[in-house]
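Assemble the whole structure, with the sequences as input and the hints as a guide.
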Amino acid sequence: MLKFFRGKKGFQLLGLLGPGALWMLVFFNLPILIVLFISFVERGRAGGIKLPPVYTLENYVQFFNACSSQFSGPQCDSLLYLGIFGSSVRIGFIVTLWCILLGYPLSYFISKQRQLWRDALMILVIIPFWTNFLVRTYALKQVLATEGLLNSFLMNLHLINQPLDLLFNEFAVIIGLIYGYLPFAILPMYASIEKFDHTLMEAAADLGASPRQAFLRVMLPMTMPGVVAALVLVFVPVVGAFITPDIMGGGKVEMIGTLINRQFGVARNWPFGSAMSLILMLLVLIGVIYYFRSSTEETRRAM
Amino acid sequence: MANEFAVEMQDVLKQFVTPEGGILAAVNHVTMQIKDGEFFSLLGPSGCGKTTSLRMIAGFELPTDGKILIHGKEMSQVPAFQRPVNTVFQQYALFPHMTVEQNIGFGLEMKGVARAERSKRVSEALEMVRLPGMELRRPKQLSGGQQQRIALARALINKPEVLLLDEPLGALDLKLRKEMQLELKTLQREVGITFIYVTHDQEEALTMSDRIAVMSKGVALQIGQPEEIYERPATKFVADFIGETNFLDGVVRSQNGSIVEVDLPGSGTVQVESSRTFTNGQAVTVAVRPEKLSLNHEGKGGNTLKGRVEEVIYIGTDTQYGVRFAGSHKVRVREQNITQGHKEIAKTGDEVTVSFTNLSPRILTE
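Residue numbers (the numbering used here), protein chains in the order written: chain A, 1 to 303; chain B, 1 to 366.
Simulated from the structure, these hints should not be mistaken for lab results. Just so it is clear, CB atoms sit at the ideal spot from N, CA and C, and this is done for glycine as well.
Here are a few chain A residues that face chain B, going by a calculated C-beta distance under 7 Å: (1) T199; (2) D206; (3) L207.
Listed below in structure tokens is the structure:
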């Protein structure tokens, strides 16, 4: 490895890679190490950590057994945090599934348009990124609110008599997350589908495959790399999301992200927040690696 | 298969909307009948409607109007996957994520043939295209010629009533092409399946086909056997597209039975045999192939015109002479190089005579 950087070529290479590597080291790896450190010490009384540091495993234990904390009351639910983690994963799966189900046909449709239309439609997919995520989420909140756009619309049409409870529940959070992450699903799937040679669908039909069979046997396996990329790009950030559940859930829907956020805010328990961050990171990493290992063979073939 | 015709196209029209918003008739009221068991070629330049016709028979496109029958059954609106035909695609369209075995067995799998039976028939199909033992390869690991054979096996294993081939040899180099042409022809005789073959290569069509349909601008100009198309082209386009032809514009002077006398202004008068009737003074074109003309060989056939050699081109088997007549008509004459060593009959600038029989040319009006 170090042999790589010897001589004149080596200097050039170092010049190219150095800044990026340094950036990652200082602003990514170092903070994770700090988080790792904090997760193993006792909390300070007003946030931060106790000084001098007192090492403990308590923060990790607390995650798997919520009642282990000295602050837990008599009605404590020992599986509280695991439950929240579980429901985050569940919401993650639901949102990812919907993003793929909605994004795939849309990507297909866009890829079938003429060049000009294709570019225009892709810009429409990307445009939301130009606006602040927070602002967009608040806007969506206005749509779903009791007196919001959707309810007034349905009321005016006399389709409903009372406003629907569309906000501050899991449904609202899921809608918000799908809205926020759909483009992340569309982009990689579009890239895959656009490369797909549609003559292959004709070949499949020619050999007696119904449209459904042709899709399942030919198009889906061949565009699988895009679907897998979409899955990872949506699932990972959604499981740890905190802005959307916070705003759309109105504090009533707890996800692992909001929980961690709270530890660094009002709960002032940095060590527990750090421990949960690392647990989340580790579990998502294991999940993704497991998924890749089980699907690479299929994916590699498709490419 | 009681019906004599494998495929019938009845007054088939296919219109497309162009990007500019206009309407283009890719296939313009085409009627043709393809006999059972025949090797039939659709021949024409790109954009003539040959591929669109094939795609309508396959079911990838539905006709705007008219009917398509396969062995007497109306198929115009039947989707591709329910038609008893199979296609060999121009770029083969093999499934890259499947093995050769899975590719060839795909059609049988869709029909629900059991795995054991399938794999037996796949090996047989591979034997047929002379690529035994290739089951576990992937299409990417095969050469162009091999992919071509796999595509052929993938289609033929389904025992289609008609096999459609869309310029299947287009991507191969010349030598391999020639080999595959003969092989395809032999294969077709062996399996006895009707082949419909799309090509823009006139030589390929002449070599392989029982009958040819020459298409241009969405219209089938002439349908017939190769020698019929070559010897008796119906229009100038056909005469020009198939092989080489000299066109001499002239006016009919008189007709005596089947002998028509045509005046080529400034160059002389020729007599041509024709079964058609012309009126005196009618503007016509006399079409005659370069190899039917002979140089400085008077008395051979009755028609003799005087001219001057403008160019001499040696092309191996033949030598081609460009001769201009007095009336500015120009012809190419081909003389076979039969004797050992190359000996020119005439040199550039020589005064020569060009002769041909009155059976050689065709009189064309369109």
